[in-house]
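Chains as they are written, first to last, in the numbering used here: chain A, 415 to 533; chain B, 32 to 152; chain C, 290 to 385; chain D, -15 to 332.
Treat the hints with care, as some may be off.
What the hints assert, rightly or not - Straight-line alpha carbon distances no greater than 20 Å define the calculated EDC-like cross-link-like pairs of lysine to aspartate or glutamate that follow:
#	chain 1	residue 1	chain 2	residue 2
1	D	K79	B	E61
2	B	K66	B	E151
3	B	K88	D	D103
4	B	K88	D	D97
5	A	K445	A	D514
6	B	K66	D	E69
7	B	K88	D	E(-12)
Rather than coming from a laboratory, the hints here were simulated on the basis of the structure.
Please read all numbers here as calculations on a predicted model, not as lab measurements.
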Amino acid sequence: MEMILDIVSWVLITGGVIFCLIGGYGLISLKDFYARLHAASLIDTFGVGLIFIGLMFQAGFTLVTAKLILILAFIFFTSPTATHALARAAINHDVLPEVDTEEERELVRKTKTTTQGTP
Amino acid sequence: MTDLAFPGLINYWIVFLLMMIGLYIVIAHENLIKKIVGLNVFQVSVFVFYISMAKVKGGTAPILDGTIEVFSNPLPHVLILTAIVVGVATTALGLALVVRIQESYNTIEDNEIRDIEERED
Amino acid sequence: MMFAVAAAGVVVTMIFAMARALMGPNVYNRILAVNVFGTLSVMLIAIYGFVDGRPEFLDLSIVYALINFIGTIAVTKYVTFSDMGHGDDGDPAGDI
Amino acid sequence: MNIEIITSDVLNVVTLLFMAVTGIAIARIRNLFAVVMLSGIYSLMGATLYVILDAVDVAFTEAAVGAGASTVLMIGTLALTSARENATGSSQAIKAAIVCTFVGIALVYASLDMPYFGDPSAPIHHHVAPRYLNDSMAEIGLPNVVTSVLASYRGYDTMGEAFVIFTAAAGVITLIGRGRREKSPSERKTDSQNIMKRKIVLRVVSKLLIPFILLFGLYVQWHGDFGPGGGFQAGVIFGAAFILYGLIYGLGTLRAALPSWVTRVILALGVLLYAGTGVVSMIKDARFLDYNVLASTPTGGQHVGILLVEFGVGMTVFAAIVTIFCAFAGRAAADVNTVSDQGGAGND
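Throw the hints in and build the complete structure from the sequences for me.
Here you go:
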């Protein structure tokens, strides 16, 4: 039983670490701000999630697991909110994504006006 | 004593480097906000110095639970805990002074303020 | 061992985040990097609790996550308004 | 030498190196906004380091106060001044570098006499520390030795700190407390009209979170005897909830919920509670801040005394944080700093 739990933890934590590393690599290699937001969200969701679930298997049914769940829930609420606020602030201040085609450029313009317009 | 060879004194030397970075910022830069940030850098490194002296190898946090034998020294923790809060209180006071200086002189560069003062004399 | 691997992975990712925070190129990239750095610190603290064998100090991680969120909101608000006590006074660019 | 100790030592050095890199970046970058963000990272790394060095209470405080509150305050100052630093003269930089090199060499020379890092036989561990660790359970009866030392053994010291915070908050009120901006009635009207239409995501999430943050603050306040926590930390967390409210709903709404006279009263009440506890113990024929007489048994008295004193500290710190934040946020933005500047502010 102990060993099964350890193996599950290993798998989850290794997975989480790999997602963190991919996200971190994306953070420095991707070209524009919005692409980097995606890389960051990988860390905030899969990275934190998998690692914390892996830790929960090690902690067992204790207060520690409850606290881990709390932190996880907190991050799941706040991190997308912060990212949303950040992306919105960026697009309202003319930080535009790098796009290739005219069609995409049109899409960017549209998004910008809808986020900016007062209801 | 081989156990103690790493990090040995290296730990303290990096802390001294941090202190000197803080000191450098405070001396070399004219901008008052930058000076306060430098003071913060220095302050945190002094805190780190105290806390690293309190560490006992293999010990854990000084919260007793009946089973653990080796604890780190709690006294520096207490000193630094209060120092941090006082530090932010003084930082706030310093920043408030910076705001007032900006309003009176319309600049927060130390040398420009000195120039204005000299012209007034 | 497991926790050491996890801590190593998180530290390497921290290096990436730090590099992005130093490179910029604009304010938003920095804020993003600092936010990610905060999340990674939360993870590092949680993992270190297990390394140390006393994982009951997870309250700290909660504080880190909280401060990280409030910090990001404050910074975003400053970038948007250059002012922190701003309410809602009909500035169309003010919606963060 | 097992894997735990190696991991913790390596993490220790790596974190210090992170801090050094951040420090050098702070010294070099001239965009103050980036500098403030990096100093936030610097504090956060410091807090992580305290966890690695077993100082969980200190880490708690540094994360909440150093990384949270002072970053917010510095950004508030930037909003009122300018986010750009002038170039410094190179002669001054060289002089500063020479001074720092000499001081650094002197420090390293002095450190050669120091005991190695983590040495259990270092003199620092053989004076009062064993007494605290061995006898505090019998004398005070609390698992968290840091709280025992903070609130009971060194209660005078902590009272002094509480008064320093009180004084600093009073000083900030005197310097910049009177906000310069008054809103016209028409502006207020648009406020109420727009209030539900904007920032929907942030509003909903913050409404969800703020009660839990307050609850967590109370937990930290009352659980400080048994785990990391206590008045200083709880005060900042409580204040952080209100700062979040003020950031998202505007300062006017925050001040409607928590008028300035209330925070000022709490600010004074906190230190009054602390000193009052000492006076009560004097009335009961003991020395100032000797809690043993506050209940029927000595340890029971210590419990009551520490709870009261920590609550006093929590009140003062909370009120000070909120007061200082409101003072900075309420000051009208100086006209040197407009929104359009900010787009380019990140390009160094």
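Would you list, in rising numerical order, the hints stated earlier that this structure does not obey?
2
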